[in-house]
Amino acid sequence: MARFITDFTRVDGVWLLYNHKVMESMTTQNPTLDAVFGALADPTRRAILAQLSQGDASVNELAQPFAMSQPAVSKHLKVLENAGLVERAIDKQRRPARLKAAPMKEAVAWLEDFKQFWTGSFDQLDDLLTTLKQERKDD
Amino acid sequence: MTDLPVYELKRLFDAPCDLVWRTWTEPELVQRWYGPGVTSIVHKMDVRVGGEWLHEMQWGGNSNYQRADYTEVAQNEKLIWLHGNTDADWQVTANPMMPDWPRWLTTTVTFTPNGEKCDMVLTWVPHNASEAEIACFAAAMDQMGNGWGKGMEILAEVLQELKA
Numbered sequence: 001m002a003r004f005i006t007d008f009t010r011v012d013g014v015w016l017l018y019n020h021k022v023m024e025s026m027t028t029q030n031p032t033l034d035a036v037f038g039a040l041a042d043p044t045r046r047a048i049l050a051q052l053s054q055g056d057a058s059v060n061e062l063a064q065p066f067a068m069s070q071p072a073v074s075k076h077l078k079v080l081e082n083a084g085l086v087e088r089a090i091d092k093q094r095r096p097a098r099l100k101a102a103p104m105k106e107a108v109a110w111l112e113d114f115k116q117f118w119t120g121s122f123d124q125l126d127d128l129l130t131t132l133k134q135e136r137k138d139d
Numbered sequence: 001m002t003d004l005p006v007y008e009l010k011r012l013f014d015a016p017c018d019l020v021w022r023t024w025t026e027p028e029l030v031q032r033w034y035g036p037g038v039t040s041i042v043h044k045m046d047v048r049v050g051g052e053w054l055h056e057m058q059w060g061g062n063s064n065y066q067r068a069d070y071t072e073v074a075q076n077e078k079l080i081w082l083h084g085n086t087d088a089d090w091q092v093t094a095n096p097m098m099p100d101w102p103r104w105l106t107t108t109v110t111f112t113p114n115g116e117k118c119d120m121v122l123t124w125v126p127h128n129a130s131e132a133e134i135a136c137f138a139a140a141m142d143q144m145g146n147g148w149g150k151g152m153e154i155l156a157e158v159l160q161e162l163k164a
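First to last, the sequence lines map onto chains A and B. My numbering applies: residue 1 is where the first sequence begins, and numbers increase by one. My numbering applies: residue 1 is where the second sequence begins, and numbers increase by one.
None of these hints come from the bench; they were simulated from the model. No experiment lies behind these values; they were computed from the predicted model shown. None of the hints are false.
Facing chain A, according to a computed beta carbon distance under 8 Å, are these residues of chain B, among others:
#1 Phe13
#2 Leu19
#3 Val20
#4 Gly37
#5 Met98
#6 Cys136
Idealized CB from N, CA, C, for every residue including glycine.
Whenever a hint applies, use it, and build me the whole structure from the sequences.
In structure tokens, the structure reads:
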């Protein structure tokens with residue numbers, strides 16, 4: 001079943017992915033890609049993600065390189081958390097944030113597939129035009 | 001209008017524009033290229049203002065449906081239509097994973113002669129979209145950028161580091 005779903009995304013773009021996502025959403029409780037795209041649309045949040053990819057960090061540690069207040073960083077973290085991109089440890093005082101990459105990979109896959117649909121189609125169109133030009137010459 | 005997000009795709013085809021035009025407007029030709037690696041079926045294609053194009057893509061026992069409602073048709077030069085994903089009855093539907101993806105995208109294809117070749121430009125702009133739909137499309141397009149923008153580079157780095 002899993003391989004079947006993977007094949008869909010590899011073969012096609014946004015429309016096949018559509019169905020792929022429908023199936024996936026039945027088996028997992030992923031936040032929607034809407035939330036992921038919303039979270040990724042902000043440069044500060046992308047920078048926070050980049051920093052978290054180096055390792056877990058507390059709000060205090062995250063605030064320093066951005067010259068931002070802790071509440072401001074907390075706000076961004078909340079958006080990232082709601083999008084499923086970040087999780088916070090609950091049992092420790094400093095509550096370090098940790099990056100969760102799966103939704104981001106999905107978002108990247110969505111965009112790649114959107115592009116892939118068109119570039120794949122246009123490659124096929126290239127071939128078709130070559131054939132049509134040949135037919136025209138032959139007439 | 002001018003601040004709506006636009007996504008643009010350009011491609012130079014090694015064929016005259018009248019031939020490229022035919023590949024967009026003749027059902028039997030459209031079926032041969034539209035949709036990579038799938039069975040493409042044109043159920044209806046009435047290329048004139050007010051006409052519609054109803055398209056099904058099949059793969060592995062699954063189907064996806066989409067419709068186009070033509071709003072401008074200039075032979076060999078330009079095609080404009082409203083594009084939407086639909087159910088099997090050709091009614092436009094929202095995407096369950098991306099509910100805020102615009103239901104309708106104005107799609108414009110222009111064909112401009114370039115010597116013996118043809119410059120084709122495809123653009124998408126949200127049509128009659130809610131603020132949420134515009135924001136969703138803008139965020140996605142921002143990530144996609146022109147051949148992947150800055151945001152994508154950062155993400156690619158992050159993903160690379162995670163793989164390592």
